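**Student:** The primary structure of each chain is shown beneath.
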Amino acid sequence: MIINKLQLNSPDDVGSGMPRPPQARPGIRRRELMLTTATTLLFSTHAVLARVVQDSLPWEQNAGSPPTEATPGPWTYFTAEEGATVEALVDRLIPPDPQTPGGKDAGCAVFIDRQLAGPYGTAEELYMRGPFADGTPQQGNQSPLTPAVRYREALAALDKYCRATYAGRSFTQIPDNDKDKLLSGLEKGQVHLEGTSGRAFFELLLQNTQEGFFADPVYGGNRNMVGWKMIGYPGARYDYRDWVDRHNERYPLPPVGITGRPEWVRKAQ
Amino acid sequence: MKMRNLMTLALAAYMTGTIGAWAAEDGQSFEKIERGRYLAVLGDCVSCHTAPGGKPFAGGAALETPFGALIGPNITPDVATGVGAWSEEDFRRAMHEGIGRGGARLYPAMPYPAYTKVTRDDVSAIWAYLRSLDPVRNEVQPNQLRFPFNVRRPATSTWDLINFQPGVFQPNPSKSDVWNRGAYLVEGLGHCGTCHTPKNITGGDRGSEALQGALLQDWYAPDLTEDPRTGIGSWSIEEIVRYLKTGANSYDIASGPMAEAVSNSTSKMTDADLLAIATYLKDRAPRSGRAVTALAAANPRMVAGQAIYEDRCAACHSRSGAGVPNLFPRLASAPLIQSVDPTSLIRAVLIGSRAVATSAAPTAPAMPAFGWNLNDTEVADVLTYVRNTWGNAASAVQPEDVSKLRERLSSR
Chain A
33 MIINKLQLNS PDDVGSGMPR PPQARPGIRR RELMLTTATT LLFSTHAVLA RVVQDSLPWE
93 QNAGSPPTEA TPGPWTYFTA EEGATVEALV DRLIPPDPQT PGGKDAGCAV FIDRQLAGPY
153 GTAEELYMRG PFADGTPQQG NQSPLTPAVR YREALAALDK YCRATYAGRS FTQIPDNDKD
213 KLLSGLEKGQ VHLEGTSGRA FFELLLQNTQ EGFFADPVYG GNRNMVGWKM IGYPGARYDY
273 RDWVDRHNER YPLPPVGITG RPEWVRKAQ
Chain B
2 MKMRNLMTLA LAAYMTGTIG AWAAEDGQSF EKIERGRYLA VLGDCVSCHT APGGKPFAGG
62 AALETPFGAL IGPNITPDVA TGVGAWSEED FRRAMHEGIG RGGARLYPAM PYPAYTKVTR
122 DDVSAIWAYL RSLDPVRNEV QPNQLRFPFN VRRPATSTWD LINFQPGVFQ PNPSKSDVWN
182 RGAYLVEGLG HCGTCHTPKN ITGGDRGSEA LQGALLQDWY APDLTEDPRT GIGSWSIEEI
242 VRYLKTGANS YDIASGPMAE AVSNSTSKMT DADLLAIATY LKDRAPRSGR AVTALAAANP
302 RMVAGQAIYE DRCAACHSRS GAGVPNLFPR LASAPLIQSV DPTSLIRAVL IGSRAVATSA
362 APTAPAMPAF GWNLNDTEVA DVLTYVRNTW GNAASAVQPE DVSKLRERLS SR
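Just so you know, the protein sequences line up as chains A and B, in that order. Here the first sequence is numbered in our numbering, starting from 33 and rising by one per residue. Here the second sequence is numbered in our numbering, starting from 2 and rising by one per residue.
Hints are computed from structural coordinates only; laboratory data are not their basis. In this text the structure is predicted, and so the values were computed from the model without any measurement. Misleading hints may appear alongside valid ones.
Claimed, not checked - Taking CB as the label site, the calculated pair distances span: (1) A/N94 - B/V169: 42 to 50 Å; (2) B/P67 - A/K261: 50 to 58 Å; (3) B/F148 - A/I290: 54 to 62 Å; (4) A/A300 - B/D272: 53 to 61 Å; (5) A/V181 - B/K56: 54 to 62 Å; (6) B/V169 - A/L81: 29 to 37 Å; (7) A/N94 - B/W160: 29 to 37 Å; (8) B/P229 - A/V85: 40 to 48 Å; (9) B/D272 - A/W275: 40 to 48 Å; (10) A/P106 - B/S404: 45 to 53 Å.
From the three backbone atoms N, C-alpha and C, an ideal C-beta is built for every residue, glycine too.
The task is simple: from the sequences and hints, build the whole structure.
**Tutor:** Here is the structure:
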């Protein structure tokens, strides 16, 4: 029976984007599945609207759901102090070098700020009700904290830790060497922040910094496509058929973002 | 043969005889109605006289003209709301003279300047077909023109004096039958000029510029002359037939109003009629346009346009502008791309475009909208690049034109 072999929460599920129940079960019986399906159909709050498609697929003119461009300007979620701390943090996770700007100049802190102010920050699209238990690593984040709250709590606790440890100085004021040691301690779980998990914060920060460095510039990070230029990624292009058979050749076109690239603008004659 | 079979046969023979006699009396023979049905396909009556999702011939959607909207009336045989009370002579006058029942002048959105060329016999067959339809009760208010154009037209009209030459099609004896059939279809029932012939200030055809391309409803109906750059000069007879039959050939795919014409009319024409149309079109003189030189590749708008093309267009239309047959229209040496008027091109880039689906080419590929992604200058520059690369040559597209069309399309 195929259904009896159906496994939920197998490690292969990680990253599939499907909401998962907090408890792993070895399998699911057919009767349970049918009951669940029936319940879902009976109590589904959304009306299921079937649509008959004839001849060719539906098409609408002027269709498209373009992303909202991150607005430049002051912080939208962070306070000035929080923003300065996050800029200092991302600049240690991705330090500037002669070829490429660091996390701060690449806009990673701006990216994180705009994300925390939006649906990501409030975990709008995640299941956020109990039970809250420590899951397996494969189950991902099981915390009741939204990303926005986690940042707020952790940044306050980090500030407190710094001022207690480094003679009243904040994270932005201590030398790079100490910053790196502190970050390393958070990553290894050796530095404990008061009232919040330093390690969980570090992991979230690292992930968001990488996202800010490589996401499309439309979201506020990856300023001037510096992340893409660094790794040679040609950007939001659609098709590479012309280059499929051309081996050991450098792809000639520069990266392009959702909103374009500088060459789209007419040069004065 | 058994007795019962014999009786059945006798009954059948009797009934056929009766029906035959009745039909001959009424002029409603199956052959005539069927011929009328096909002629109505040739004339694409259904396009204007049917509303989206509505009953065929029971009244259409609004046709926007520079003078206001007109709606194709109900032409089913319903007495109260259709043409049920009309006689065949009423119908013939509408087709040939543009005069409706009771003497009212029709508006030339009804292409009577073209239908006047249709033979009496064909008009009679179309009438027989319309009479055979189920009457549909559907009140249509056809005249939604703005003042002063909405005032009922007098029987003698200045417009007709300027723009209307009544008279059935006269064959050219020096040409082949195929050519003459093509001319009859293109100039008559096909009423190609209604869209493709430039209009004078009153909305009448500029006869000397027949089928040279015209703008209507924010679409540009392209040049159908033999011009090798903007017309069908480079299309073979087979390519024209394939375009009309399937909606696609190696140059182009029909979209917009032509998609409708292909879907309702040309894709349902016989191969012989399509061949006749193509034969006639290929035998006409090219438009006398002045030579156009392509913009230099180093021109800043061309440079910017190329960057946009590489990033947003080349994936489908390919870097060489060759496209993919039946799927992504070819841009290199494509007549529509080099049109005098770039309205259709601006429109496709701004809000996207959907190609026609026919039984022979059912995919109906679509182009996505780029209006959200490209600003007016960018749309203008990428089109200027496309119109002046790979051997193409045409006027540059101005950002102001993009801006105006964007406004018109968004207000709709």
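**Student:** State for each hint whether it applies.
**Tutor:** To see whether the hints hold, each was checked on the structure:
no.: 1; hint: A/N94 - B/V169: 42 to 50 Å; in the structure: holds (45 Å)
no.: 2; hint: B/P67 - A/K261: 50 to 58 Å; in the structure: holds (52 Å)
no.: 3; hint: B/F148 - A/I290: 54 to 62 Å; in the structure: violated (48 Å)
no.: 4; hint: A/A300 - B/D272: 53 to 61 Å; in the structure: holds (56 Å)
no.: 5; hint: A/V181 - B/K56: 54 to 62 Å; in the structure: holds (60 Å)
no.: 6; hint: B/V169 - A/L81: 29 to 37 Å; in the structure: violated (54 Å)
no.: 7; hint: A/N94 - B/W160: 29 to 37 Å; in the structure: holds (36 Å)
no.: 8; hint: B/P229 - A/V85: 40 to 48 Å; in the structure: holds (41 Å)
no.: 9; hint: B/D272 - A/W275: 40 to 48 Å; in the structure: holds (42 Å)
no.: 10; hint: A/P106 - B/S404: 45 to 53 Å; in the structure: violated (32 Å)
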